[in-house]
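Undergrad: Spelled out, the chains give:
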Amino acid sequence: MPDFDVIVVGAGPAGSCAALTIARTGKSVVLIERGPFPGSKNMYGGVVYPRILDALIPEWWNEMPVQRWVTRRSTMLLTDTQSLSIDFRSDAWGDAPYNGATAFRPDFDNWLANKAVEAGATLVCSTTVTGLITGANGEVIGVHTDRPDGDLTASVVIACDGVNSFLAKERGMYPHTDAAHFTLGVKETITLSKDIIDERFAVRGNHGVDIEILGGTSGVNGGGFIYTNLNSISVGVVLKLPKLAAQSKRPEEIIAGLKSHSAIAPLVEGGTVSEYSAHLIPEAGLKMMPKLLDDGLLIAGDAAAMCLAAGIWLEGVNFAMASGMYAAQAACEAIEKENTSAKGLSLYKKLLEDTFVLRDHRKLRRAPQLVLSDRVQHMYPALITGVVQGMFQVNNPVPKPGLRKILKNERRRLGIRTTDLAKDAITGFRSFG
Amino acid sequence: MTPVIGVCVKWIGSQPNSGHEADARFAQFSASDQAALETALQRAEQLSGRVRVVSVAPAAARTHLVALCASGAHELVHIAAEGQSSSAHVAHELAQHLQECASVWCGDYSLDRGSGSVPAFLASTLGAQQALGIVGITSSEVSNTLDLLRRLDAGRREIVRVVEPFVVSVEGSLATLRRASLASTLRPTATLVDASLVSQSAPSFGEFSPFRPRPRTIAAPVGETALDRIKSATSANSPQKHSEIVTLAPEAAAQFIVERLTEWGYLS
Amino acid sequence: MTLNWPDISFQDRMASSEFRVHERAHIVVNSDSCNGCTTRACVVACPANLFVPTADGGIVFNYEQCFECGTCYMVCNEEGAISWSYPEGGHGIVFHNT
Chain R
-12 MPDFDVIVVG
-2 AGPAGSCAAL
8 TIARTGKSVV
18 LIERGPFPGS
28 KNMYGGVVYP
38 RILDALIPEW
48 WNEMPVQRWV
58 TRRSTMLLTD
68 TQSLSIDFRS
78 DAWGDAPYNG
88 ATAFRPDFDN
98 WLANKAVEAG
108 ATLVCSTTVT
118 GLITGANGEV
128 IGVHTDRPDG
138 DLTASVVIAC
148 DGVNSFLAKE
158 RGMYPHTDAA
168 HFTLGVKETI
178 TLSKDIIDER
188 FAVRGNHGVD
198 IEILGGTSGV
208 NGGGFIYTNL
218 NSISVGVVLK
228 LPKLAAQSKR
238 PEEIIAGLKS
248 HSAIAPLVEG
258 GTVSEYSAHL
268 IPEAGLKMMP
278 KLLDDGLLIA
288 GDAAAMCLAA
298 GIWLEGVNFA
308 MASGMYAAQA
318 ACEAIEKENT
328 SAKGLSLYKK
338 LLEDTFVLRD
348 HRKLRRAPQL
358 VLSDRVQHMY
368 PALITGVVQG
378 MFQVNNPVPK
388 PGLRKILKNE
398 RRRLGIRTTD
408 LAKDAITGFR
418 SFG
Chain S
14 MTPVIGVCVK
24 WIGSQPNSGH
34 EADARFAQFS
44 ASDQAALETA
54 LQRAEQLSGR
64 VRVVSVAPAA
74 ARTHLVALCA
84 SGAHELVHIA
94 AEGQSSSAHV
104 AHELAQHLQE
114 CASVWCGDYS
124 LDRGSGSVPA
134 FLASTLGAQQ
144 ALGIVGITSS
154 EVSNTLDLLR
164 RLDAGRREIV
174 RVVEPFVVSV
184 EGSLATLRRA
194 SLASTLRPTA
204 TLVDASLVSQ
214 SAPSFGEFSP
224 FRPRPRTIAA
234 PVGETALDRI
244 KSATSANSPQ
254 KHSEIVTLAP
264 EAAAQFIVER
274 LTEWGYLS
Chain H
2 MTLNWPDISF
12 QDRMASSEFR
22 VHERAHIVVN
32 SDSCNGCTTR
42 ACVVACPANL
52 FVPTADGGIV
62 FNYEQCFECG
72 TCYMVCNEEG
82 AISWSYPEGG
92 HGIVFHNT
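Protein chains in written order, with this note's numbering: chain R, -12 to 420; chain S, 14 to 281; chain H, 2 to 99.
Simulated from the structure, these hints should not be mistaken for laboratory data.
The model shown is predicted, which means the values in this text are computed figures rather than measured ones.
Treat the hints with care, as some may be off.
Computed from the model, here is a short list of chain H residues facing chain R with C-beta under 7 Å [to be verified]:
{"hint": "1", "residue": "12"}
{"hint": "2", "residue": "14"}
{"hint": "3", "residue": "17"}
{"hint": "4", "residue": "61"}
{"hint": "5", "residue": "71"}
{"hint": "6", "residue": "89"}
{"hint": "7", "residue": "97"}
Each pair of labels, with its calculated beta carbon distance range [stated by the list, open to error]:
{"hint": "8", "chain 1": "R", "residue 1": "75", "chain 2": "H", "residue 2": "58", "range": "51 to 61 Å"}
{"hint": "9", "chain 1": "R", "residue 1": "83", "chain 2": "H", "residue 2": "59", "range": "35 to 45 Å"}
{"hint": "10", "chain 1": "S", "residue 1": "189", "chain 2": "H", "residue 2": "59", "range": "22 to 32 Å"}
{"hint": "11", "chain 1": "H", "residue 1": "59", "chain 2": "R", "residue 2": "259", "range": "43 to 53 Å"}
{"hint": "12", "chain 1": "S", "residue 1": "130", "chain 2": "H", "residue 2": "41", "range": "46 to 56 Å"}
Heads up, the beta-carbon is just placed ideally off N, CA and C, and yes, glycines get one too.
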């Protein structure tokens, strides 16, 4: 008899949703976390979209630890001396069931893991899983941990062990890991008073702002972000690894560069950095996704590269929660049918294919590459801001030029080929349209 | 009868000076508390005894206490108390559960930079000997007497001998707490005793204050000129002994020091 | 372009994060590989600045203030030059407000 029905490795959003789902069916499940408490190792930009929790925790919004509900979203283009924002606000996002929320992961993940514990899951913290135990036929039957007498067996292991997933790699489920598929996220949590945040970002009460920035990353392909928490703001950049490695500016210098931009400085100045953090992001979507299941093993969350980083959509926690939940459902079904082979666990794949988890990834499979491409990163912001500047600049006595002429001039000035522009427009339309 | 070795640990809700609010998630037991537990576990192995961890702590500390005890403690006495209590009060409450312990081990340093007076009150309450600042154990034979290496200022060390019953405060460098096994982390084996405060305030330990030598009266210096008076006041030019090196056995040395201090007027 | 002085020193920046350091290094660098390396991507990319080039062509590495992100071994082009694992359970970075 195995020690548990299911071992879940990692008490992040994927692992906790998996453990919660399994515990509710009455099966025994252990949730193993390497940090001193769930969420202690976890970092992200700052916004979670929790609607998937409707299925697990009705009216989750009454108890979830939230900093602010995002009611205002800005997408910002930056060049060295210009900025262009598209700003949207919806009062509907400030009321149940809400849309997105800023939250701190040590709060959010800890809350979610405790929901699993309340449902009957066993949580073990400060314990690092160091490898998989395999049975006579090569199937996964448990894990090794770094505690004395640290082996544990189960019918199914769900690896939610994060972006570096040593378990998926050990099992050979990542065909190859390419640095080009990852971005480094670094951020500063900057303490500012609530009044100042409310004023600077034009929000009230527990409403907040999400600003996504293209450009402003010192020429390294990636992007920037600013999110409002209750008494602090999160300011950071996301940097494509090979591009970061191929130049000489360090990550914290790139954040400093963003913070000194004339469009950003007035928003962030005067605060004190209360925490500096960094994490890798699996950025390439479907292109980098590993094999998702094997005999006795399921992979979910960041470990399965289920992170949607497609420019205007930056989501990850919701994909993690959903994949964890679906992995748990597949594990439960397989245990009930007494077939925990890859075939017995195949419900996982089906649930992912049928829902937003893989549908969004499939639809946006070309988006990450497009958004991080050199043209989108370095040329189009200059093109668009150049056109807007041409439109709004009053050069009397020179008469106003027509839009078509401005566009043509700017395109020539920047050396952008019409064919590339058309190609990217089609890719963009196919992804986002 | 199986000997019971006591360990006292201090709960700090969060790291002091971290700028963060008290939050059990970030709490830890100090390295010296952990060293105290490890030393007690080793002594229990030598004596085939049991280790009892006692702590005055709020309910929020429970999971941390249980996790700490998973390293091998046999009993956990959790004296429930929210809020701060005085050192004398805490010692009084701890003592209720340490009566049969021949040795009690404490951490020498708490994360909130406490005064370190709980072990002293505890020793007084239990009528036990006390030693603090312990960085090593020099005696190897198993007996009711232990020779302990104690840290003094300026890098010096001294060896102190304690005889049971004793209360010892150890520094974090003495030992590293062993890692709890996975099994004992999953299913805690320590017997859990829920206790409550026996009194709401500290019993009186009497009046006490720091030892401050009384000032001595010195006659005004005599002399014709200011220079003479200064010479007289400072004993300059006089063939006086400024230091004296004597080699004596410890008992005689102590006696010698007491005599000199009395002679100089510091003791009466 | 104006010269931007950092608004916070690197030491103060790193001091804003909590690290529970374990005595065992979870990063190990094979200096033989580093001596021939010309790219030294880890030096610029590590967000905690843990990799420091030395005058004799080697690399000194620290592990104490590691965010456990994995950037160093991902950007390293020398197979096996950086061995990287997680620190012992309960140790390493502890985030508070992320």
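Undergrad: Against each hint, give a clear statement of whether it holds in the structure.
TA: Going through the hints against the structure:
Interface hint status for residue 12(H): violated, as the beta-carbon distance to the closest one in chain R is roughly 11 Å, over 7 Å. Restraint check, residue 14(H) versus chain R: the minimum CB separation of about 5 Å is within 7 Å; hint holds. Nearest Cβ of chain R to the Cβ of residue 17(H): about 5 Å, under the 7 Å cut. The hint holds. Look at residue 61(H): its Cβ only gets to about 17 Å from chain R, farther than 7 Å, so that hint breaks.
Annotation: interface hint on residue 71(H) holds; nearest CB of chain R at approximately 4 Å, less than 7 Å. Checking residue 89(H) against chain R: minimum C-beta separation of about 6 Å stays under 7 Å; hint holds. Interface restraint check: residue 97(H) against chain R, minimum CB-CB distance 6 Å, threshold 7 Å, status holds. One distance hint, 51 to 61 Å for the beta-carbon pair residue 75(R) and residue 58(H), holds here, with the actual separation near 53 Å.
Taking the beta carbon of each, residue 83(R) and residue 59(H) are about 58 Å apart, not inside 35 to 45 Å as hinted. Between residue 189(S) and residue 59(H) the Cβ separation comes to about 31 Å, which falls inside the hinted range of 22 to 32 Å. At about 37 Å, the beta-carbon gap between residue 59(H) and residue 259(R) misses the expected band of 43 to 53 Å. The supplied range of 46 to 56 Å is met by residue 130(S) and residue 41(H), whose beta-carbon atoms lie about 54 Å from each other.
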